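Chains as they are written, first to last, in UniProt numbering: chain A, 1 to 494; chain B, 1 to 304.
Simulated from the structure, these hints should not be mistaken for lab results. Quick caveat: nothing in here was measured; it's all calculated off a predicted structure. Idealized CB from N, CA, C, for every residue including glycine. One or more hints might be untrue.
Listed next, the stretches of chain A that the computed footprint assigns to chain B, with coverage defined by at least 3 CB atoms under 8 Å from CB atoms of chain B [stated by the list, open to error]:
1. 38 to 51
2. 102 to 113
3. 290 to 304
Quick list of in silico lysine to any residue cross-link-like pairs, SDA-like style, CA-CA up to 25 Å [stated by the list, open to error]:
4. A:K352 - B:L36
5. A:K365 - B:D74
6. A:K82 - B:S182
7. B:K193 - B:T177
8. B:K215 - A:S185
9. A:K82 - B:R179
10. B:K215 - A:R63
11. A:K408 - A:K244
12. A:K244 - A:P33
13. A:K62 - B:C208
14. A:K244 - A:F203
15. B:K191 - A:N92
16. A:K34 - B:A211
17. A:K365 - B:L18
18. B:K127 - B:K193
19. B:K233 - A:T418
20. B:K191 - A:K408
21. B:K193 - A:P315
22. A:K82 - B:K193
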Amino acid sequence: MVAPEPDGRAMFKILKGVVGDGVGPRVGTLSLPKRRPIDTPNFIGVTARGAIPHLTPDNVGKRSELGGVYIALEDFMETTRKKTSPPLLEMNSEDIGPLHSFTATPSHMFTVLGARRHPAINSPIGNAKDSISIFTSTGFQKLTNEAYRQCVSKARPDVVIPLADMTYSQTTTFTETKRRTNVTSSKRQLRMVERTEDWLAEFFEPSEDGSEKALPSVFAPLLPVSYATQWEYFNQLEQDFSTKLSGLAVYDVDVLPDLSNHGPLVSLPRLSLDYTATPQEVLRQVQLGVDICTVSFLNGISDAGIALSFTFPPPSNSSAGIRPLGINMWSPEHEVAVKPLVEGCKCYACTKHHRAFLHHLLNAKEMLGWTLLQVHNYQVLSDFFAGIRASLSADPPAFEKGCDDFTKVYDSELPTGTGTRPRARGYHFKSRGGDDKINRPAWEKYGTESDPALAGEMAGLAVTGPAAEGKETPLVPDADAAELDRQGFAEISK
Amino acid sequence: MVSLLTLANITEEGVRFLSPHDGTPMLLTPEHSISLQNTIGSDIIMQLDDVLVTTSPDHKRMREAMERSVRWLDRCIAAHKNPDTQNLFCIIQGGLDTEMRKECCKEMVARDTPGIAIGGLSGGEAKDDFCRVVKTCTELLPELKPRYVMGIGYPEDLVVSVALGADMFDCVWPTRTARFGSAITKHGVIKIKSSEYANDFGPIEEGCGCACCTKGEGGLGITRAFVHHNVAKETIAAHLLTIHNVWYQLNLMKEARDAIIADEYPAFLHQFFANIYSDKADYPKWAVEALRGVGVDLLSDSNI
Chain A
1 MVAPEPDGRA MFKILKGVVG DGVGPRVGTL SLPKRRPIDT PNFIGVTARG AIPHLTPDNV
61 GKRSELGGVY IALEDFMETT RKKTSPPLLE MNSEDIGPLH SFTATPSHMF TVLGARRHPA
121 INSPIGNAKD SISIFTSTGF QKLTNEAYRQ CVSKARPDVV IPLADMTYSQ TTTFTETKRR
181 TNVTSSKRQL RMVERTEDWL AEFFEPSEDG SEKALPSVFA PLLPVSYATQ WEYFNQLEQD
241 FSTKLSGLAV YDVDVLPDLS NHGPLVSLPR LSLDYTATPQ EVLRQVQLGV DICTVSFLNG
301 ISDAGIALSF TFPPPSNSSA GIRPLGINMW SPEHEVAVKP LVEGCKCYAC TKHHRAFLHH
361 LLNAKEMLGW TLLQVHNYQV LSDFFAGIRA SLSADPPAFE KGCDDFTKVY DSELPTGTGT
421 RPRARGYHFK SRGGDDKINR PAWEKYGTES DPALAGEMAG LAVTGPAAEG KETPLVPDAD
481 AAELDRQGFA EISK
Chain B
1 MVSLLTLANI TEEGVRFLSP HDGTPMLLTP EHSISLQNTI GSDIIMQLDD VLVTTSPDHK
61 RMREAMERSV RWLDRCIAAH KNPDTQNLFC IIQGGLDTEM RKECCKEMVA RDTPGIAIGG
121 LSGGEAKDDF CRVVKTCTEL LPELKPRYVM GIGYPEDLVV SVALGADMFD CVWPTRTARF
181 GSAITKHGVI KIKSSEYAND FGPIEEGCGC ACCTKGEGGL GITRAFVHHN VAKETIAAHL
241 LTIHNVWYQL NLMKEARDAI IADEYPAFLH QFFANIYSDK ADYPKWAVEA LRGVGVDLLS
301 DSNI
């Protein structure tokens with residue numbers, strides 16, 4: 001018995017698209033087997049080591065509207081002397097599938113498995129004829145196409161992106177999320193296309209033991225090179241694989257307009273794994289016809305202590321000047337601000353807490369601060385996409401005008417946070433020799449930072465400040481509790 | 001005022017210390033402390049006390065701290081603006097000297113606060129000294145007031161302190177140890193960070209009812225392997241173990257209450273220690289001694 005081919009056209013319904021056979025923004029519904037359908041355009045969460053950073057799976061299910069997550073296989077592949085096989089592949093979970101079960105992903109959400117993190121760390125080793133280089137928490141490793149295929153059949157994600165031969169550029173700063181694959185050599189570009197073609201063909205070959213295992217839905221990678229370089233690959237996708245594909249994974253949205261030359265591919269759902277540093281770039285992706293975005297700046301912006309504050313369509317009164325895209329919650333102006341992060345936001349953080357508490361949590365380095373920011377920022381993005389869908393469905397469509405207004409109303413860049421971030425691990429960011437530390441050390445040897453006056457005062461040898469001028473620190477503060485409350489926890493004598 | 005601040009200078013007026021934030025000198029008096037707690041509005045507020053490390057050999061200073069804590073209690077009671085809505089707890093001091101503790105109990109009980117805390121413990125003293133002090137105090141405290149032993153958190157300490165007559169506790173340990181990658185189970189603490197759990201697809205603790213360990217509706221079905229996978233890497237591992245550890249501690253106290261109501265607390269204690277130690281010879285001596293003092297002999301099977 002042959003299992004029915006997964007068909008992207010059956011699981012993806014286009015409700016409203018562009019006129020004619022062009023490629024552009026469209027409204028649809030993606031329904032993966034056993035998972036809750038999601039309306040598109042939409043976005044999915046990007047995980048680190050199988051988890052949305054700072055959010056436990058119950059909070060992802062209850063406090064976010066996420067319909068799916070992107071998971072990188074390289075996050076699970078580290079091996080040590082004692083642990084020779086990745087635990088994910090050792091797990092037996094018949095009913096819900098090892099990947100879902102291992103990561104405790106809520107059952108209504110679908111999983112998209114790719115080989116590398118998004119954004120990925122550049123490997124100095126490079127890819128080979130039959131393998132790519134992946135970066136695990138214990139170092140770089142080789143992952144062959146065959147090994148990848150076996151991992152996929154064991155882990156059983158809902159959607160898989162076959163291997164693509166790509167090079168990632170090294171970032172210069174930690175906050176930079178826009179990492180382009182700046183491959184300039186045309187020879188290298190051609191090789192990327194050829195290898196990806198071969199690997200995709202191998203991916204669809206029957207497995208060596210001849211068993212008929214139902215593959216997950218396959219989203220074929222479109223490479224970050226020009227259309228002129230990869231049009232033959234597109235032809236191959238169209239002619240040989242279009243019935244086997246359920247969607248496309250787009251690594252550079254600039255190739256999307258040329259999809260119109262390949263009719264059978266047009267109706268497939270498009271997942272963007274291109275980088276976005278601002279919501280404006282997300283809008284541009286939707287304009288070019290992306291159905292599902294992976295908002296690569298989102299986790300980083302929460303780590304930086306920023307609460308996103310934009311909406312789509314943007315507020316109409318443009319007299320308020322250029323609006324910021326987010327609020328720096330580290331800023332001392334929030335110290336006593338007993339108001340939601342964003343007025344009217346319906347997220348858990350905005351309805352249950354206020355800015356002052358969040359500011360306090362960040363200052364106290366309590367992990368809950370980042371949790372609340374993640375809850376808020378994911379909600380802002382969900383509302384943003386709901387706004388995009390509504391404007392596309394409206395009659396007449398209001399999307400284009402909304403995009404124009406958005407550019408006029410909002411700042412062109414996200415604010416950068418001013419405080420310390422959660423500790424970064426090697427798989428988040430690879431520093432190079434001579435780089436400064438991301439965060440200042442939390443404590444130092446006492447007294448090395450020599451302020452002789454302060455040290456003297458502590459030792460009772462010197463008197464400085466008001467006391468030196470004959471003023472005593474008031475023994476009983478001359479303020480009542482209400483006043484102290486306004487000023488902060490305890491009075492500071494100046 | 002616990003002297004976690006090494007640079008604090010305590011005088012009769014209050015505690016002078018350098019702000020941990022910016023190093024500026026600050027002064028906290030009993031009045032100021034109560035005024036702040038009145039504004040914060042918590043249900044239970046604590047007096048400002050003068051605390052020494054229990055193990056301090058300075059007997060004179062210890063007595064000074066105890067007597068000062070009593071005087072500060074009077075100032076706190078006088079400054080307390082909301083006695084009808086907020087409950088001021090005194091804090092019994094006196095180090096490891098049972099005579100001094102008795103004296104402090106007598107003085108503080110006379111001031112009739114709604115609840116009584118036993119302070120200054122959990123500072124590195126020997127466990128039998130700790131039990132001796134708790135027992136000395138609880139014997140002198142009135143029946144119908146909550147007795148709060150401050151800073152106590154290991155499961156063994158909780159169940160023994162309950163046997164000695166304590167009612168409530170607070171501790172950072174369950175959540176802090178979670179952040180370090182350890183899970184509390186009824187068979188003892190396990191370090192999930194250890195590589196032996198890398199391929200362990202069981203729940204953090206078999207039979208546990210917390211959100212992490214249960215499956216199905218409301219349960220996450222978290223495996224030890226997944227926690228191990230993220231310990232010391234993603235904050236989620238700390239979150240998951242915190243959920244589990246807090247549930248464990250709350251459930252332990254619930255089981256203790258149920259056992260007391262069913263008049264089966266000695267049997268509960270036997271079972272508790274049997275779950276952790278397979279051999280009675282390994283039972284901690286201090287716990288055996290302390291419980292013997294209140295009529296529970298862990299080493300015999302007679303009073304199950």
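Of the numbered hints stated earlier in the document, which are not met by this structure?
Hint check: 3, 5, 8, 11, 18, 20, 21 fail, others pass.
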